[in-house]
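**Student:** Please take these sequences and the hints and turn them into a complete structure.
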Amino acid sequence: MLMLDSIDELLSHIKSVQVDVVELSNESLMKMSSFMEKNNLEIDEDISTALQYQDIITQQLNASIEAIDSMKKSIDMFSHAYKNDEGLAQESINKLQEKLSLTLAEAQDKKNRFSGKISASDADETIEFF
Amino acid sequence: MPLVIFVDDSETALASTRMVTNSMPIEVKQYTEAQVALAEIKAGMTPDLIITDLNMPVMNGFEFLKGLRGVPATGRTPTLMLTTETKPELKQQGKALGLTGWIVKPFNPAQLKQAITRVLRLPA
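Chains as they are written, first to last, in our numbering: chain A, 1 to 130; chain B, 131 to 254.
FYI, nobody ran anything at the bench for these hints, they're computed from the structure.
Just so you know, not all the hints are guaranteed correct.
With a straight-line cut-off of 20 Å between C-alpha atoms, the simulated EDC-like cross-links for lysine to aspartate or glutamate are [as the list claims (entries may be wrong)]:
1) A:K111 - B:D139
2) B:K217 - A:E128
3) B:K159 - B:D139
4) B:K159 - A:E37
5) A:K95 - A:D69
6) A:K110 - B:E219
7) A:K111 - A:E66
8) B:K196 - B:D139
9) A:K99 - A:D5
10) A:K72 - A:D5
11) A:K99 - A:D8
12) A:K72 - A:E91
13) B:K243 - A:E91
14) A:K38 - B:E193
15) B:K243 - A:E37
16) A:K38 - B:E157
17) A:K110 - B:D139
18) B:K243 - A:E128
19) A:K31 - B:D139
20) A:K31 - B:E193
21) B:K221 - A:D109
22) B:K225 - A:E128
23) B:K243 - A:E42
24) A:K99 - A:D109
25) B:K243 - A:D46
26) B:K217 - A:E106
27) A:K111 - B:E219
28) B:K243 - A:D5
29) A:K31 - A:D20
30) A:K31 - A:D44
31) B:K221 - A:E91
32) B:K217 - B:E193
33) B:K217 - A:D109
34) A:K99 - A:E9
Some, not all, of what chain B presents toward chain A, calculated at C-beta under 8 Å [what the hints assert, rightly or not]:
35) T142
36) V234
37) N238
Glycine is no exception: its CB is placed at the ideal position from the N, C-alpha and C atoms.
**Tutor:** Printed below as a string of structure tokens:
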């Protein structure tokens, strides 16, 4: 159980680092865009793409923060069940494994969904009219 | 000037679009919450074009689109989805809800300008 407590603490630490990165990254881009707007600087495709990468980075990190929250919840549930009845340990481990696998699948799906054109090599057309 | 509204929960995404549209002959309003934009539309705001993100907390882009279609003034207002999503089934869902087009992030600034110009029929 001590091992799970350590994993839980490690997950909390990773989440806290990611939250800080999201905040700093947002602040950095807002300062940059504010400077550009104040000085009426035109942006070209490269600069526009660079600015939009920040948004994608934020979405990716937020998705992995959600995955961490889900893992922590599953670990908490397992720990609670184990502490109440060690006889149920094997059943609880199976449930924990199922939940962690589900969390991983959801996180991988979001990684693809939130990457936009970066991961969709077939998305040649930026704009599609219906 | 035609009114274009942008809806995206990301302030930085809105800043990126603002830098593209600030030289265009349009009035722009931006919202980080779709439900706030919808409330203003229900209160009488009549945009000529709506550009919205899909994945947003509280009210997502599809829910927003359904809300727009339920308001007589925006029942047929051109609406573009600006999102990282590329799944064909989501595009089909948007099309069925009366979406005008789908723009994948990161967008090309020249193409975004062209899309706005085309939909609003502005002089090229």
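**Student:** Confirm or reject each hint.
**Tutor:** Structure-based check of each hint:
1. Only pairs whose Cα atoms come within 20 Å are accepted, and A:K111 paired with B:D139 is accepted, the gap being roughly 18 Å.
2. Under the criterion of a C-alpha separation no larger than 20 Å, the hint pairing B:K217 with A:E128 is consistent with the structure, at around 13 Å.
3. At roughly 14 Å between alpha-carbon atoms, B:K159 and B:D139 fall within 20 Å of each other, so this suggested pair holds.
4. Restraint check: the Cα-Cα separation between B:K159 and A:E37 comes to about 16 Å, which is no more than 20 Å; the hinted pair holds.
5. Annotation: proposed proximity of A:K95 to A:D69 holds, straight-line Cα distance about 17 Å (limit 20 Å).
6. Annotation: proposed proximity of A:K110 to B:E219 holds, straight-line Cα distance about 16 Å (limit 20 Å).
7. With a C-alpha separation of about 12 Å, the suggested pairing of A:K111 with A:E66 holds against the 20 Å cut-off.
8. A hinted pair counts as satisfied when its Cα atoms are at most 20 Å apart, and B:K196 with B:D139 qualifies at roughly 18 Å.
9. With a C-alpha separation of about 18 Å, the suggested pair A:K99 and A:D5 falls inside the 20 Å cut-off, and the hint holds.
10. Taking the CA atoms of A:K72 and A:D5, the gap is about 10 Å. The hint holds against a cut of 20 Å.
11. Between A:K99 and A:D8, the direct Cα distance comes to roughly 15 Å. Compliance with the 20 Å bound is thereby established for this hinted pair.
12. Of the supplied pair hints, the one linking A:K72 and A:E91 holds, its CA atoms being roughly 18 Å apart against a limit of 20 Å.
13. A threshold of 20 Å between alpha carbons decides the hint, and for B:K243 with A:E91 the separation of about 57 Å lies outside it, so the pair is violated.
14. Between A:K38 and B:E193, the direct Cα distance comes to roughly 35 Å. Violation of the 20 Å bound is thereby established for this hinted pair.
15. For the hint linking B:K243 to A:E37, the alpha-carbon distance of about 17 Å falls within 20 Å, and the restraint holds.
16. Between A:K38 and B:E157 the alpha-carbon distance is near 18 Å, which keeps this suggested pair within the 20 Å criterion.
17. A threshold of 20 Å between alpha carbons decides the hint, and for A:K110 with B:D139 the separation of about 17 Å falls inside it, so the pair holds.
18. Annotation: proposed proximity of B:K243 to A:E128 holds, straight-line Cα distance about 14 Å (limit 20 Å).
19. Distance hint between A:K31 and B:D139 is fulfilled; the C-alpha atoms sit about 18 Å from each other, no more than 20 Å.
20. Simply put, A:K31 and B:E193 have alpha-carbon atoms about 32 Å apart, too far for the 20 Å limit, and the pair is violated.
21. Between B:K221 and A:D109, the direct Cα distance comes to roughly 17 Å. Compliance with the 20 Å bound is thereby established for this hinted pair.
22. Between B:K225 and A:E128 the CA atoms are separated by roughly 11 Å; this keeps the pair inside 20 Å, and the hint holds.
23. Among the hinted pairs, B:K243 with A:E42 is consistent with the structure: their alpha-carbon atoms are about 13 Å apart, no more than 20 Å.
24. Taking the CA atoms of A:K99 and A:D109, the gap is near 15 Å; set against the 20 Å cutoff, the hint holds.
25. Using a Cα cut-off of 20 Å, the hinted pair B:K243 and A:D46 holds, with the two alpha carbons roughly 15 Å apart.
26. Proximity of B:K217 to A:E106 is assessed by CA-CA distance (about 15 Å); at most 20 Å being required, the pair is judged to hold.
27. Under the criterion of a C-alpha separation no larger than 20 Å, the hint pairing A:K111 with B:E219 is consistent with the structure, at around 18 Å.
28. Under the criterion of a C-alpha separation no larger than 20 Å, the hint pairing B:K243 with A:D5 is inconsistent with the structure, at around 52 Å.
29. Taken as a hint, the A:K31 and A:D20 pair is honoured in the structure, with Cα atoms around 16 Å apart against an allowance of 20 Å.
30. Distance hint between A:K31 and A:D44 is fulfilled; the C-alpha atoms sit about 18 Å from each other, no more than 20 Å.
31. Simply put, B:K221 and A:E91 have alpha-carbon atoms about 41 Å apart, too far for the 20 Å limit, and the pair is violated.
32. Of the pairs offered as hints, the one joining B:K217 and B:E193 holds, with about 18 Å between alpha carbons and a cut-off of 20 Å not exceeded.
33. Taking the CA atoms of B:K217 and A:D109, the gap is near 11 Å; set against the 20 Å cutoff, the hint holds.
34. For the suggested pair A:K99 and A:E9, the alpha carbons sit about 19 Å apart, so the restraint of at most 20 Å is met.
35. Taking 8 Å as the C-beta contact cut-off toward chain A, the hint placing B:T142 at the interface holds, the least distance being around 5 Å.
36. For B:V234, the shortest C-beta to C-beta distance to chain A is roughly 5 Å, which falls under 8 Å, so the interface hint holds.
37. Against a cut-off of 8 Å between C-beta atoms, the interface hint on B:N238 holds, since the closest Cβ of chain A lies about 5 Å away.
The structure shown violates the earlier hints numbered 13, 14, 20, 28 and 31.
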